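2 protein chains.
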Amino acid sequence: MTTGEPVRRGAGSAQQTVRRHNLALVLREIAEGEPVSRAGVAQRTGLTRGTVSSLVEELIADGLVTELAVARGTTGRPASPLQLNRSGPAGLGIEIGVDEVGVCVVDLSGTVRAQRSAASDHRTREPAVGLDRAAALAAEVVAEAGLPVEGAGVALPGVVGRDGVLQRAPNLPRWVDVAVDAELAARLGLPVDVGNEADLAAAAELWFDGGPPDFVHVSGGIGVGAGIVLGGELFRGPGGRAGELGHVVVDPDGPACSCGGRGCLEQLAGQRALLELTGARDVEALLRDPGRATAVAGRALGVALAGVVNLVDVPTVVLGGLYARLGEPLAAAVTAELRSRVPSRPEVTVRLSEPDAGGALRAAAALVVRRRLRRP
Amino acid sequence: MTTGEPVRRGAGSAQQTVRRHNLALVLREIAEGEPVSRAGVAQRTGLTRGTVSSLVEELIADGLVTELAVARGTTGRPASPLQLNRSGPAGLGIEIGVDEVGVCVVDLSGTVRAQRSAASDHRTREPAVGLDRAAALAAEVVAEAGLPVEGAGVALPGVVGRDGVLQRAPNLPRWVDVAVDAELAARLGLPVDVGNEADLAAAAELWFDGGPPDFVHVSGGIGVGAGIVLGGELFRGPGGRAGELGHVVVDPDGPACSCGGRGCLEQLAGQRALLELTGARDVEALLRDPGRATAVAGRALGVALAGVVNLVDVPTVVLGGLYARLGEPLAAAVTAELRSRVPSRPEVTVRLSEPDAGGALRAAAALVVRRRLRRP
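Chains Y and E are the protein sequences, given in the same order. Per UniProt numbering, residue 1 is the first one in the first sequence, and the count goes up by one each step. Per UniProt numbering, residue 1 is the first one in the second sequence, and the count goes up by one each step.
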């Protein structure tokens, strides 16, 4: 059964399956086309108006869809356009960074309705301290949003197993095999999903900024990671750990890395390396005089990304995090390095991530509502 | 309709579709289980014995399947085991190397039935000269095999577009935008399929040596390439050019490469680089005293493969071509380098390609018979 087609026949329990399938189909049409009339949904799905009306009633009763008020004075029967319910089920997002924690709530449409961040040193303290801090901040933000939050998505700066366990995070040596999903579920009283920060940042680009079907999104920060999107889907690799761009070797004899390797991209173009290189006290200072950081990061990123282009054949590079803040000069430096490294691929483009896309934090929260929309 | 399940219902032209589907299903069971009885096929497919018998008759009439002679003296009704017809439709394989051409014919079971190679300098001569040479050698090998060859598959040392055109081959500067498929089809009078040598070498590992579902196969020669297999399928990337391991940067300030880049793996660990490094006259001489070549290639391969492990997350590396001939000491050197570069993935294994798998040439020929088996 393809998910894009309506299903009409069925009996007994099969009929229930059919109804669930069509419910999801109608909800997807409303999500993608809102505001849209029942007639519009019927036309696009191929379902009868009667079926659509019945399914829409169910979606309204479940709080997933609302009818917009129709302007008075329209002639004929009002069309009552439908849209996703902004007061319906919502998602909580949590991002555990190296030295901060971010929290947000998104509504069913993926719009951020409340958001806060706070300093929180996860390098030296026990994971439990950081998790307590995250849960406390989350409670505040959930209260502020005033929406029925149904679950949480968490972005983590490390390797996340398919079982929801943070296996390791090179920049957080104390966070080894931490069951972040279970730990936060217990603190929040909500079901919790976890994902890698770089993967979720790439997903944000795809979901909220109309990203192209094939690209690599590079997250620059204390850690450097990448999310690879192929065919409009996150490419996670056989073990779920693909896209570890920060540990691609750029200088085989370079400085030792927290991963145990040497000369990794992160050691040359990560936030700490660039601060050290320029003597800037913090990122704000770095951005006031970014010339040298841009040149050095541009070259290192170009070398590492030449590997991505050669191995995975992506046509688009999106620079995010600190790299987006370094802006067009960095994109130009990376482009120049890529051109000289892979002259056979002049079509590869490098662009900056759209800050409004919301990054990994928003995508983490959106995991919750996107799942709800897929299975109403 | 999943391809793994029998389909029973249907009427009119739908019935024909069902029959074709079940024909392919029965043929696949015979190919995978040969020798196998009709009853065995019925049991494994869930089709009735009557249906299986009827389909088998059609496969026998088409020359795809034969009955094995049954030993006399068995009691009861003989089971007449079935197998693929070794005299049935066959495939021609052609491999255009940098300085040689190889040709083989495989039967329906993928077994090589005739094979030859010849020196043929494709670096300095016009492509047409090489294509003539390949076609002439192919005619000899086809005559020797004495099988009904239905088509040809061609392995090429460069970038092959989805349209069958060799776009470029870094080591064959005269071969730019050559429609190898059309050129050889005209010379051979056969339909022709083309593919990248490294991709086909990986396919050989998968098809003929029971390769694991996820691995990268590295082809060492004058050119260095890789075929990446994920989930039992060749991973070609959005543009069909994934796996260009030879041009991953290993030494950013290293020697200029034929690709226009600098310090690519091929410049450090390709056949020419290793001959130059050791002063050996040819590969045979190199293999008599391989110590220095093994150390240098092992380090360079380890650095480049650290990128593959980090970006694509493959758990297995298979070394082929010249690298397989350098043997276990090279595998050990690559393993040691990978361990130091990516200490977080101690499970990654490095092994040698099985020469009996037959490599890219056999896989190219097998393209033909595998297609025939999928669509009987």
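Since the hints were made in silico from the structure, they are not lab data. Model, not experiment: these values are computed from the prediction. For every residue, glycine included, the Cβ atom is placed at its ideal position computed from N, Cα and C. Treat the hints loosely; a few may be bogus.
[Said to hold, decoys possible] Ranges of calculated distance between the beta carbons of each label pair, as one might list FRET restraints:
(1) 177/Y with 34/E: 22 to 30 Å
(2) 162/E with 16/Y: 51 to 59 Å
(3) 346/E with 276/Y: 44 to 52 Å
(4) 49/Y with 34/E: 42 to 50 Å
(5) 240/E with 143/Y: 39 to 47 Å
(6) 240/E with 48/Y: 22 to 30 Å
[Claimed, not checked] Far from chain Y, some chain E residues (derived; all Cβ distances over 10 Å):
(7) 50
(8) 62
(9) 168
(10) 226
(11) 313
(12) 315
(13) 329
[Unchecked claim] Heads up, incomplete: computed chain E residues facing chain Y, CB under 7 Å, no partners named:
(14) 162
(15) 164
(16) 241
(17) 312
Hints, one by one, checked against the model:
no.	hint	verdict
1	177/Y with 34/E: 22 to 30 Å	violated (47 Å)
2	162/E with 16/Y: 51 to 59 Å	violated (43 Å)
3	346/E with 276/Y: 44 to 52 Å	violated (30 Å)
4	49/Y with 34/E: 42 to 50 Å	violated (56 Å)
5	240/E with 143/Y: 39 to 47 Å	violated (52 Å)
6	240/E with 48/Y: 22 to 30 Å	violated (43 Å)
7	50	holds (29 Å)
8	62	holds (32 Å)
9	168	violated (7 Å)
10	226	violated (8 Å)
11	313	violated (3 Å)
12	315	violated (6 Å)
13	329	holds (20 Å)
14	162	violated (12 Å)
15	164	violated (18 Å)
16	241	holds (5 Å)
17	312	holds (5 Å)
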